[in-house]
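Chains as they are written, first to last, in my numbering: chain Z, 21 to 342; chain R, 321 to 596.
Treat the hints with care, since some could be wrong.
As the list claims (entries may be wrong) - Sample of chain Z residues with no beta-carbon within 10 Å of chain R, all distances over it, derived:
(1) Gly44
(2) Thr73
(3) Leu188
(4) Ala191
(5) Gln305
(6) Gln317
Stated by the list, open to error - Listed next, the stretches of chain Z that the computed footprint assigns to chain R, with coverage defined by at least 3 CB atoms under 8 Å from CB atoms of chain R:
(7) 75 to 89
(8) 96 to 105
(9) 120 to 134
Don't read these hints as lab results, they were simulated from the structure.
All C-beta atoms, glycine included, are put in the ideal place defined by N, C-alpha and C.
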Amino acid sequence: MNQSGVLVDQLEKTYPGPVRAVDGISFEVAAGEIYGLLGPNGAGKSTVVKVLTTLALPTSGTAQVGGFDVRTQPGEVRRIAGVALQEIGLDPVMKSLEMLRLQGRLFGMSSGEATRRAHELIELVGLSDATERRIRTYSGGMRRRLDLALALVHQPQVLFLDEPTTGLDPASRRDLWAEVKRLNRELQMTILLTTQYLEEADALADRVAIIDQGRIQLEGSPAELKAGVGSESINISFRNRELAEQARGVLAQLAAEIQRDRETIRLYLNRAAAAVPAVVRRLQQANLEPLSVTLTQPTLDDVFLKATGQRLAAPSGMEATQ
Amino acid sequence: MNLATTRTLNARRAGDQPRRWLVIEVALMSWRNLVAVFRTPEAMLPPLAISLFFLVIYDSTLGRASSFIPDLGANSYLGFILPLSIISASLAGAGIAAQNLVREIESGYFDKLLLTPISRAALLLGPIFAGAVILGIQASLVMAVGLLLGLEPSTGLPGLLAVGGLAILLGTGFAGFTVSAALGSGSAAATQGASFLFFPLTFLAPTFVPLELLDGWLSTAARFNPITYVLQAMRGLMNSGWEAAALWQAVAACLILAVAMYALAAFALRVRTSRK
Numbered sequence: 021m022n023q024s025g026v027l028v029d030q031l032e033k034t035y036p037g038p039v040r041a042v043d044g045i046s047f048e049v050a051a052g053e054i055y056g057l058l059g060p061n062g063a064g065k066s067t068v069v070k071v072l073t074t075l076a077l078p079t080s081g082t083a084q085v086g087g088f089d090v091r092t093q094p095g096e097v098r099r100i101a102g103v104a105l106q107e108i109g110l111d112p113v114m115k116s117l118e119m120l121r122l123q124g125r126l127f128g129m130s131s132g133e134a135t136r137r138a139h140e141l142i143e144l145v146g147l148s149d150a151t152e153r154r155i156r157t158y159s160g161g162m163r164r165r166l167d168l169a170l171a172l173v174h175q176p177q178v179l180f181l182d183e184p185t186t187g188l189d190p191a192s193r194r195d196l197w198a199e200v201k202r203l204n205r206e207l208q209m210t211i212l213l214t215t216q217y218l219e220e221a222d223a224l225a226d227r228v229a230i231i232d233q234g235r236i237q238l239e240g241s242p243a244e245l246k247a248g249v250g251s252e253s254i255n256i257s258f259r260n261r262e263l264a265e266q267a268r269g270v271l272a273q274l275a276a277e278i279q280r281d282r283e284t285i286r287l288y289l290n291r292a293a294a295a296v297p298a299v300v301r302r303l304q305q306a307n308l309e310p311l312s313v314t315l316t317q318p319t320l321d322d323v324f325l326k327a328t329g330q331r332l333a334a335p336s337g338m339e340a341t342q
Numbered sequence: 321m322n323l324a325t326t327r328t329l330n331a332r333r334a335g336d337q338p339r340r341w342l343v344i345e346v347a348l349m350s351w352r353n354l355v356a357v358f359r360t361p362e363a364m365l366p367p368l369a370i371s372l373f374f375l376v377i378y379d380s381t382l383g384r385a386s387s388f389i390p391d392l393g394a395n396s397y398l399g400f401i402l403p404l405s406i407i408s409a410s411l412a413g414a415g416i417a418a419q420n421l422v423r424e425i426e427s428g429y430f431d432k433l434l435l436t437p438i439s440r441a442a443l444l445l446g447p448i449f450a451g452a453v454i455l456g457i458q459a460s461l462v463m464a465v466g467l468l469l470g471l472e473p474s475t476g477l478p479g480l481l482a483v484g485g486l487a488i489l490l491g492t493g494f495a496g497f498t499v500s501a502a503l504g505s506g507s508a509a510a511t512q513g514a515s516f517l518f519f520p521l522t523f524l525a526p527t528f529v530p531l532e533l534l535d536g537w538l539s540t541a542a543r544f545n546p547i548t549y550v551l552q553a554m555r556g557l558m559n560s561g562w563e564a565a566a567l568w569q570a571v572a573a574c575l576i577l578a579v580a581m582y583a584l585a586a587f588a589l590r591v592r593t594s595r596k
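Using the sequences provided together with the hints, build the complete structure.
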């Protein structure tokens, strides 16, 4: 395996209960790659990150980070891995430079080195104006950026970002994306990120694994995955679910596959535009009046829907990609 | 590239960063905790205020009715009751170490520290050292107020230093208990509750009268309470002079308490930091 990649093989993690948070996951992240784990809340993404960053032990299976086994060589893994967890761990009464300096010192830097590195990183994440303020007064975006800076103090080879933009406004989200891309491009840093935002996975990841109920449902580059769901689809919304369900039956012969999500049905077929008249005619015959008919190019949303049978609900503040 | 080469490369890279000495780690964490405490004085001031309040109240209400207590020396009641205030300040101060730790756990910073190469012992010793510094300061302040109220310790300044030392020793031992609660519960409320256990303990002791005047179950409880011996040693230093036996008993009681509580804390730390 590669020097600074990640290798996960048949990983399982069961919590007392028993809750099978991760149910046999295997994947490989090449050195210098950005790999995205995409899935809803509770899919097992954070658990995978916790195991890979040595915070939790796997129940079975193996995982290596940079060639080190997370089970038997946790110290080595910690030295080459940088981690920004979903729950940002910052002490509210401290100041940014103090936390960065302490982090550097704990990773073995001298006082001078740690100070230099702290200033470098404060500059990098754009917090130079806020160094004299306590973290308590920081906005969500500022905390995220400081948390990212803390993860970078020891120049990790592999960076783990667990839902790095959850709770951020769109502008801060884009700033963070730019930063992640830059780290990857300029420092060849391997990055494993988890997200519940399709747009994020699409924008950042070289490869994406769709994870649901503790399993990888589908894996590939965003382009491959989108190509895999067929070229186009027709979406038809109705006043209620019953009408949508009836329409699904009526249109069954017209498309290779029809799915219903609440009041909307989606027909997967090639040359969708050409098929619209026939679809509308058939609905008229059945006396089913649609509220809207739209055509869409496949998105990761479609991929997700197809892989898991449900839509990845876009949390507030983030629209699903269209 | 094969795995063996990979390992060597990474090992060398990891080796570029030398392992910190435990002393340095503890110093770094103590500093961090002290900064945090001084930025949250609201955690530190109430216990101090309460200790001073009790000192003044006890001295002015009970001080006049103290003729039944033998060997009061020159100080009347003040030298007898001041150690109680010092001890309650130091036990309440012990809660500060735990409050720091629990804030770390609740904010998630503790997990972040676990992802650095820091030794597990430093995670515990940092807040405890900081707590010891704080309770040393608190004990000094209580003694300073005692001096202002007219205290004339019969062993002078060295005696006061010894009293301060005993306060730190007792408080630090008790801190082993409060940090165990912090590590075990991870909750600020539970930690606060555990810290208040000191309150009854200070009364299961020769709190208002000498040990000889206690009887029945209270006398038995007091004999097993380390606070009893610290209280007696401190009173001796204030009112009668250097008494080697009393001092040794107090130091031994503190050490026994500390060993037991730190065994508990080490266990709680192990449970908290073990990967599940």
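Hint check results:
With a closest Cβ-Cβ approach of about 19 Å to chain R, Gly44(Z) is found to remain outside the 10 Å limit, as its non-interface label requires. Not every Cβ of chain R is farther than 10 Å from the Cβ of Thr73(Z); the closest lies at roughly 6 Å, contradicting the non-interface assignment. For Leu188(Z), the shortest C-beta to C-beta distance to chain R comes to about 17 Å, beyond the 10 Å cut-off, and the non-interface label holds. The Cβ of Ala191(Z) sits about 25 Å from the closest Cβ of chain R, beyond the 10 Å cut-off, so the non-interface label holds.
For Gln305(Z), the non-interface assignment is confirmed: its Cβ lies about 59 Å from the closest Cβ of chain R, beyond the 10 Å cut-off. A cut-off of 10 Å between C-beta atoms confirms that Gln317(Z) is not in contact with chain R; the least separation is 40 Å. Counting residues of the stretch 75 to 89 of chain Z whose beta carbon lies closer than 8 Å to any beta carbon of chain R gives 6, which reaches the threshold of three, so the coverage claim holds. Look at the stretch 96 to 105 of chain Z against chain R: 7 of its residues bring a Cβ nearer than 8 Å to a Cβ of that chain, three or more, so the hint holds.
For the stretch 120 to 134 of chain Z, the stated coverage by chain R is satisfied: 7 residues place a CB nearer than 8 Å to a CB of that chain, which reaches the threshold of 3.
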